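> Below, each chain spelled out in residue letters.
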Amino acid sequence: MILLWLIIIPMAGACAAWWVERRGPQWPRWTALTCLGVELAVAGALWRDAALATPLSRPGTWAAEWNVAWIPSWGIRLHVAADGLSLSLLLLTAFLGIMSVVCSWTEIRERVGFFHFNLLWTLTGVIGVFLAMDLFLFFLFWEVMLIPMYLLIILWGHEGRLRAGYKFFLFTQAGSLLLLIALIALVFIQASQKGVWSFDYHDLLGAQITGAAGTWLMLGFFLAFAVKLPVFPFHTWLPDAHTEAPTAGSVILAGLLLKTGAYGLIRFAVPLFPEASRDFAPVAMFLGVVGILYGAMLAFAQTDLKRLVAYSSVSHLGFVLLGVYAGAHPAFEGAVMQMIAHGISTGALFMLVGALQERLHTRDLRHMGGLWGRIPVFGALLLFFAVASLGMPGLGNFIGEFLVLLGSFAPHAALTVAATAGIVLAAVYALVMVQYTVHGPAEPDRRVADLSRPMQWSLVSMALILVWLGLYPQPLLRMVGPAMGSERPMVVSAEEGSG
Amino acid sequence: MNQADLVALMPILILIVAVAAMMLQIAWDRRHVITAGMAMGACAVALAFLPSATPEGARRVTSLLVIDGYALFYMGVILTTSLAVVAMSLPYLLMRPSDENQPEEFYVLLLLAAIGACVLVAADHAASFFLGLELISLSLYGLIGYLRARLRSLEAAIKYLVLSAASSAFLLFGLALLYGHNGTMEFSRMGTLQRIEDGVSLTVLAAFGFILIGVGFKLGVAPFHMWAPDVYQGAPAPVAAFVATCSKAAVFALLLRLTVAMDLERHTVFWNLIAIVAVLSMFGGNLLALLQSDVKRILAYSSIAHLGYALVAFLAGGSLAVESVTVYLTAYVLTSLGAFTVVALLSTSREDADSLERYQGLFWRRPWMSGAMTVMLLSLAGIPLTVGFIGKFYAIAAGVGSGLWVLLIILVTNSVIGLFYYLRILVAMLQPASPATQPLGGRDSRGLWIGGTSLAVVTLLTLWIGVNPEPLIRVVRMVVVGKL
Numbered sequence: 059m060i061l062l063w064l065i066i067i068p069m070a071g072a073c074a075a076w077w078v079e080r081r082g083p084q085w086p087r088w089t090a091l092t093c094l095g096v097e098l099a100v101a102g103a104l105w106r107d108a109a110l111a112t113p114l115s116r117p118g119t120w121a122a123e124w125n126v127a128w129i130p131s132w133g134i135r136l137h138v139a140a141d142g143l144s145l146s147l148l149l150l151t152a153f154l155g156i157m158s159v160v161c162s163w164t165e166i167r168e169r170v171g172f173f174h175f176n177l178l179w180t181l182t183g184v185i186g187v188f189l190a191m192d193l194f195l196f197f198l199f200w201e202v203m204l205i206p207m208y209l210l211i212i213l214w215g216h217e218g219r220l221r222a223g224y225k226f227f228l229f230t231q232a233g234s235l236l237l238l239i240a241l242i243a244l245v246f247i248q249a250s251q252k253g254v255w256s257f258d259y260h261d262l263l264g265a266q267i268t269g270a271a272g273t274w275l276m277l278g279f280f281l282a283f284a285v286k287l288p289v290f291p292f293h294t295w296l297p298d299a300h301t302e303a304p305t306a307g308s309v310i311l312a313g314l315l316l317k318t319g320a321y322g323l324i325r326f327a328v329p330l331f332p333e334a335s336r337d338f339a340p341v342a343m344f345l346g347v348v349g350i351l352y353g354a355m356l357a358f359a360q361t362d363l364k365r366l367v368a369y370s371s372v373s374h375l376g377f378v379l380l381g382v383y384a385g386a387h388p389a390f391e392g393a394v395m396q397m398i399a400h401g402i403s404t405g406a407l408f409m410l411v412g413a414l415q416e417r418l419h420t421r422d423l424r425h426m427g428g429l430w431g432r433i434p435v436f437g438a439l440l441l442f443f444a445v446a447s448l449g450m451p452g453l454g455n456f457i458g459e460f461l462v463l464l465g466s467f468a469p470h471a472a473l474t475v476a477a478t479a480g481i482v483l484a485a486v487y488a489l490v491m492v493q494y495t496v497h498g499p500a501e502p503d504r505r506v507a508d509l510s511r512p513m514q515w516s517l518v519s520m521a522l523i524l525v526w527l528g529l530y531p532q533p534l535l536r537m538v539g540p541a542m543g544s545e546r547p548m549v550v551s552a553e554e555g556s557g
Numbered sequence: 002m003n004q005a006d007l008v009a010l011m012p013i014l015i016l017i018v019a020v021a022a023m024m025l026q027i028a029w030d031r032r033h034v035i036t037a038g039m040a041m042g043a044c045a046v047a048l049a050f051l052p053s054a055t056p057e058g059a060r061r062v063t064s065l066l067v068i069d070g071y072a073l074f075y076m077g078v079i080l081t082t083s084l085a086v087v088a089m090s091l092p093y094l095l096m097r098p099s100d101e102n103q104p105e106e107f108y109v110l111l112l113l114a115a116i117g118a119c120v121l122v123a124a125d126h127a128a129s130f131f132l133g134l135e136l137i138s139l140s141l142y143g144l145i146g147y148l149r150a151r152l153r154s155l156e157a158a159i160k161y162l163v164l165s166a167a168s169s170a171f172l173l174f175g176l177a178l179l180y181g182h183n184g185t186m187e188f189s190r191m192g193t194l195q196r197i198e199d200g201v202s203l204t205v206l207a208a209f210g211f212i213l214i215g216v217g218f219k220l221g222v223a224p225f226h227m228w229a230p231d232v233y234q235g236a237p238a239p240v241a242a243f244v245a246t247c248s249k250a251a252v253f254a255l256l257l258r259l260t261v262a263m264d265l266e267r268h269t270v271f272w273n274l275i276a277i278v279a280v281l282s283m284f285g286g287n288l289l290a291l292l293q294s295d296v297k298r299i300l301a302y303s304s305i306a307h308l309g310y311a312l313v314a315f316l317a318g319g320s321l322a323v324e325s326v327t328v329y330l331t332a333y334v335l336t337s338l339g340a341f342t343v344v345a346l347l348s349t350s351r352e353d354a355d356s357l358e359r360y361q362g363l364f365w366r367r368p369w370m371s372g373a374m375t376v377m378l379l380s381l382a383g384i385p386l387t388v389g390f391i392g393k394f395y396a397i398a399a400g401v402g403s404g405l406w407v408l409l410i411i412l413v414t415n416s417v418i419g420l421f422y423y424l425r426i427l428v429a430m431l432q433p434a435s436p437a438t439q440p441l442g443g444r445d446s447r448g449l450w451i452g453g454t455s456l457a458v459v460t461l462l463t464l465w466i467g468v469n470p471e472p473l474i475r476v477v478r479m480v481v482v483g484k485l
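Residue numbers (our numbering), protein chains in the order written: chain A, 59 to 557; chain B, 2 to 485.
Heads up, a few of these hints could be off.
[Stated by the list, open to error] Facing chain B, from chain A, some residues (calculated, C-beta under 8 Å): (1) Ser131; (2) Glu201; (3) Ile205; (4) Ile212; (5) Phe227; (6) Leu228; (7) Leu235; (8) Leu236; (9) Ala243; (10) Phe246.
[Unchecked claim] Distance ranges between label pairs, derived from CB positions: (11) A:Leu228 with B:Pro433: 18 to 26 Å; (12) B:Pro472 with A:Val96: 29 to 37 Å; (13) B:Thr414 with A:Val341: 21 to 29 Å.
No lab work stands behind these hints, which were simulated from the structure alone.
Since we're looking at a predicted model, the values are computed, not measured.
Built from N, CA and C at the ideal position, the CB exists for glycine as well.
Using the sequences provided together with the hints, build the complete structure.
Here it is, written out as structure tokens:
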């Protein structure tokens, strides 16, 4: 029941935020902030309880669950459940939600109520995706987050927003419909084996899908998630959408929406089709490595600061794909660590870029420079998150990438070596970014204000989380570990290695 | 004909009596609101009689009609839709100066068309099939050209008249061939005779071909769709709503009954023909819709595409096909009805709200109206939490159940293409308002509340069935499936 509240709170908050706009532009902001604060507190309490409870480490147990009939004719149930993985991602969602409200505090000035409505509605979809354990419900939330995100891009975005919005919508919708076909086909196969209609995760896990059918269905699931993640050939919507979206939109896109793709792979695509996934793993890992290198190289070539960060996401999420399909436990843990660390570090980078654009009215790297002297706090924070993004030891991103590489080395040494080159390239683009923005000659007579206090606090808290994840990752790894062990027939062994 | 037959026919009889009463009333004292009220009352009373029409499940009334759960369900859809069409017609016609047009006969024609549709869904005989179809068509000639002062309206009426007459001729020829071959005009007896035959004779195939042309025209599926955009654009918005919903749903219901009765799915040629029609409709409708800048034309092409999707569900065959088609059509009818209600309520005395510019910034001027339109567009696009998604789910499920992978991939591709133009309308509504696009002609808010109420009900139903489709599915399974 508590999980239901986790979904209802942002949903109700969305409507409330729109409603209170009539009282003044500050009202929706505070409403959204309050909702997400409550959300964070509830999710945090659940997380702490789960972390303290020992039985969580047993496979197949949920920290919380809610399950009632919905459409009995098709065996569809309202089934939400959370384990360590879901709860960790839920915490990330609530946290980045708060950050995105903070960073649009001064940026969004028109239609504030409707903006926060869409923001919270997107978050509702994301939270639902992380909690749904019925595939129909999952698909529903998967689609729910799409429309408000699209509206965020096209209504509050930058110059090329319409085109970017279309592209985002069409790519993800095409993927979703393939997912829907694959999902229904899976249910039909399961029903023909058991004689009962069911969209429930556990029932479908038990379906024996073999041979060509398994491969095709797995591809249907994989494609939908690959578009969101995004995996190399399907990534072309991402740079446009990230660049044109308002700052909050970019933070949510990079920090959360991409993670739903990774989550889908971890929770559904791989466990539902273990055999087909095992055969497909080399291809997926190869695509992951291509994404790492290609994303990093393109990031280096950008002159638009936001585009640079966007391409770096393609690169970083390549590690997630690599880790998910490596088939070794440390690699899975690394993939999740990378998801969370990337969500925070890239979210912070987008917030910084957004703040910069608000001040300079440009995202062009060639028109920046010498900002450290004018806005030192900004410079320091940019340096910190750039360094986090390039994988500096001691920060969360390093743990993620290191574990992924560690886990993938034994099965696929060659691919892993190639992926390692991505870390070097990351250093190149991250440092280029810092150099162009805050070092070098300053443009004369440019007056720039430093970050506002709320932004500073927000970014510092993000930095602290990254440090915590980097220095003491064990609690998080312990939380997410069992989720994978239980659902992964292809895991070598849960005890084999750990960070 | 005994008492039970009369009870079974009650919904249709009520409409007939109401039409007669309305004509008398108009002759005696012309009052627009009273005529409209009588039309609504007739639909409502007929609706109330539906559940009690056949206590024993199915009843054959004369050799022409079969009143069974299937017929009653579709009659319910038709009557509800007609009710909503009357509700949107009232404000639409009220704002017109009365010297231009006498509005009362509009409702008489509308109810006659509804009677035709009700006959059609209960038809089990070539004669009742043709009667029902022609009753719809004849009323529609009058309705489409009702606003005589508008050139477009007249053009649309003539176009519909000529093409519809030609297609009826094809249909009649097909029915004649079937009769010549089987010696009976009853579908169920024809079906029995067909099953005994080994193979299919050329006569029967030719007959099906001709019938398909006739039915395809009324459904407006490609390649028989040419009339649809012009008629939708030229006809008054409520009439366009009726054409898009009632007449198409009724003809589709008949096609389904005919197919199941005659077991047509086993004929590969027939199946392939329909598959070609489905593919052409999906691609034709969606691709051509991309080129339009007129909301009514976009809706016309979108409806061509939607019937293509429904045909995919139809082609799946078996009881799942009946269930899917019924759910799909219900979703489609409800959604189109809502979209056209918005168009009708936004229209002014001089022009219908059809150019896309009229929708520019609507969200900030008329938030409730555009909220309803947003729901309808999302439902047409098949986004979850709306009834359109349930329809799409069913179409895909039916396709998956029968392994129609190629058709499914085409369906998915087309759904994505379809998003483009639905989003275009949505984006236009969300743009900042432009003062330059003030509509011609005045409007007048008399009777608007009744159209608004009907729009609110349709919108809430669209959302409610989208969130909780179980009652609809249960009714469809109980009443419709397995009863054919």
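> Given Leu236 (chain A) was flagged as interface, is its beta-carbon under 8 Å from a beta-carbon of chain B?
For Leu236 (chain A), the interface hint holds, since the closest Cβ of chain B sits about 6 Å away, which is under 8 Å.
> Does the interface hint hold: is Ile212 (chain A) within less than 8 Å of chain B, judged Cβ to Cβ?
Holds. Min distance 6 Å.
> Can the hint on Glu201 (chain A) be confirmed by a CB-to-CB distance to chain B that is less than 8 Å?
This interface hint holds because 5 Å falls under the 8 Å limit.
> So, as I understand it, the hint says Phe227 (chain A) touches chain B; can you test that by seeing if any CB pair is closer than 8 Å?
Phe227 (chain A) check passes; min Cβ-Cβ to chain B is 6 Å, inside 8 Å.
> With chain B as the partner, please determine if Leu235 (chain A) meets the hint condition of a C-beta pair closer than 8 Å.
holds (4 Å)
> Quick check on Ile205 (chain A) please, does its C-beta sit within 8 Å of some C-beta on chain B?
holds (6 Å)
> Ser131 (chain A) was flagged as interface toward chain B. Is the shortest Cβ-Cβ separation under 8 Å?
holds (5 Å)
> Under 8 Å, Cβ to Cβ, is where Ala243 (chain A) needs to be relative to chain B, so tell me if that hint holds or is violated.
holds (5 Å)
> For the hint on Leu228 (chain A), just tell me whether its beta-carbon gets within less than 8 Å of chain B.
holds (6 Å)
> Quick check: does the Cβ-Cβ distance between Pro472 (chain B) and Val96 (chain A) fall within 29 to 37 Å?
With Cβ atoms ~34 Å apart, the hint holds.
> Just tell me: holds or violated, for the beta carbon distance of Leu228 (chain A) and Pro433 (chain B) against 18 to 26 Å?
holds (24 Å)
> Given a hinted range of 21 to 29 Å, is it respected by the beta-carbon distance of Thr414 (chain B) and Val341 (chain A)?
holds (24 Å)
When held up to the earlier numbered hints, the structure conflicts with none and fits them all.
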